[in-house]
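Each chain, written out:
2 protein chains.
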Amino acid sequence: MASTQPAVAVIDDALRDDMLRERLLIATGVPGVYGLGAAFEDTLLRIDRLIGRFGADDHAELVRFPPILNRRHFAQSGYLASFPHLAGTVHSFEGTDRVHSELLRAVAQGQDWSAAFPATDVVLTPAACYPVYPLLAGRLPASGRLFDVMSYCFRHEPSERAERMQMFRMREFVRAADPETVMAWRESWLPKVSQIVEALQLDTRADVASDPFFGRGGVLLAESQRDQRLKIEVLAPVSSDECSTAIISLNYHQDHFGERFAIETAHGAVAHTSCVGFGLERMTLAVFRRHGLDRAQWTDAVREALDL
Amino acid sequence: MASTQPAVAVIDDALRDDMLRERLLIATGVPGVYGLGAAFEDTLLRIDRLIGRFGADDHAELVRFPPILNRRHFAQSGYLASFPHLAGTVHSFEGTDRVHSELLRAVAQGQDWSAAFPATDVVLTPAACYPVYPLLAGRLPASGRLFDVMSYCFRHEPSERAERMQMFRMREFVRAADPETVMAWRESWLPKVSQIVEALQLDTRADVASDPFFGRGGVLLAESQRDQRLKIEVLAPVSSDECSTAIISLNYHQDHFGERFAIETAHGAVAHTSCVGFGLERMTLAVFRRHGLDRAQWTDAVREALDL
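Here the protein sequences come in this chain order: A and B. Reminder that position 301 of the first sequence reads as 372 in our numbering, one-by-one numbering, no gaps. Reminder that position 90 of the second sequence reads as 161 in our numbering, one-by-one numbering, no gaps.
Looking at chain A on its own, in the form it has when it is part of the complex (with noise of 0.2 Å):
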């Protein structure tokens, strides 16, 4: 068993070292943080467009937000009893001309600079929905509310998989009404995803899934989770065949952002919430997985549905 893991470390690297030399990715010095290339970027680009045609029925409001989020906002959402160990925090320096000298020599030595950086009142976004959840404090419209966002999501989780990006982007779709209408909400979704991998010929397969719960309490919540349902996860081969990959995944949250934000439905109840959730980044990574690195080597079928 001791030569399981060398050798999904050798598949993994195939891809990303391929990419590399083509210049799809660009490397940074940093684990998972990579520049992408034009072909990868302007595939990215076209997968958000098409999810975008599949979304266009539900008259979603389009908004856009910085990668940063309100931290009382961040706080207040729960992420940080769950995710810690992903979360990021925005620091900037604070001090005079001394303190300024102070970290310049620090910085000139090689040492630890951080000492005169305080957190600021933001944090990065974790997930493209949760600057949505506090706009929402209130009492919904009957028909409760529905976004459409699309946010570069930060997670702390250094790695060398290709698939494990420290920054990506996240489009998601984000519901808020009663429990009947969200949970109806995300059924709806089922058949598009589906066709949404169909139309890029991913070999895929959707299962239930639970969310990276921190600590020795993590692994309860992660059962509940999965016995509830609560995730759904399409996943797909990228940077090995044998371990796949979440590239796409919808969320039923209860009325977890509905107490943590007081969202009500019209008739004064706890509003529940859903979303569906596109890895842009990784959805691409699948798609040059599959079809190979050179576009014009795809199947006509793929090319119509991205518009090359």
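What the simulated footprint calls covered on chain B by chain A, stretch by stretch (three residues with Cβ under 8 Å from a Cβ of chain A suffice, anywhere in the stretch; the number is not a length):
#: 1; stretch: 97-109
#: 2; stretch: 128-138
#: 3; stretch: 143-155
#: 4; stretch: 175-185
#: 5; stretch: 200-208
#: 6; stretch: 230-240
Derived by calculation from the structure, the hints in this document are not laboratory data. What you are looking at is a predicted structure, and each value in this text was computed from that prediction instead of being measured. All C-beta atoms, glycine included, are put in the ideal place defined by N, C-alpha and C.
Following the hints, complete the assembly by docking chain B onto the known chain A.
Relative to chain A, chain B alone:
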């Protein structure tokens, strides 16, 4: 004279408040952090494409980076010497279940919860061109290099003025070569920049400018930068008619980045660099201010320039 400041502040509020009412901007509770409504985002992307058309002759290499930068490269760049007050560093949780419990207690009690968040290997990108210079270490080809980048950038300057956002997108073209080539390239952008602002029918003026250097020594650096005409800005009215805001800047860094990242010309001299940067949110704000919040009312020429 005491009345000047409040008068400007009132003008300030008018554009922002109108845009908030029309949901072109969406407040997040943090000064300088806004969600962008559909018409704002769509206009911004169209301005970005317009810029891209003017940049197309140059056949720049397109690369897109996530809005984080290798911390080591950031220290090497000299940004901390000149602009420590604007920098944003990314910190992440480190700790056991016990430390996690203390974190959650601090959150629950409304206390500072940043104690267990040491600095990570990344910082927020301060300008879209910063990830490019480390890539250029070594010898350039005879014609030098030219990049087309676009990124969210972070500046820690919380402000109520809509044009001073903490995170915003910057499209940039970045040139590295010998001094003559680089200076000629920057010159070649002056007429193109004029054509871009004319296409958008903005009332602009160009001016020699300086960066907001930190501390007592910063005054001298700013003077020297002006004397050498290293920074030219294109300014337009955004939140007030009296006080214009830089929406585009053309910068000549001389050997600053070449020295710091060991970039050499084909002949082995220290390479010079230059960049032309477009503040996309600011350009979008300037267009809405100039032509009004209802895009259907914009002139045919502007609508045509933006493919509306």
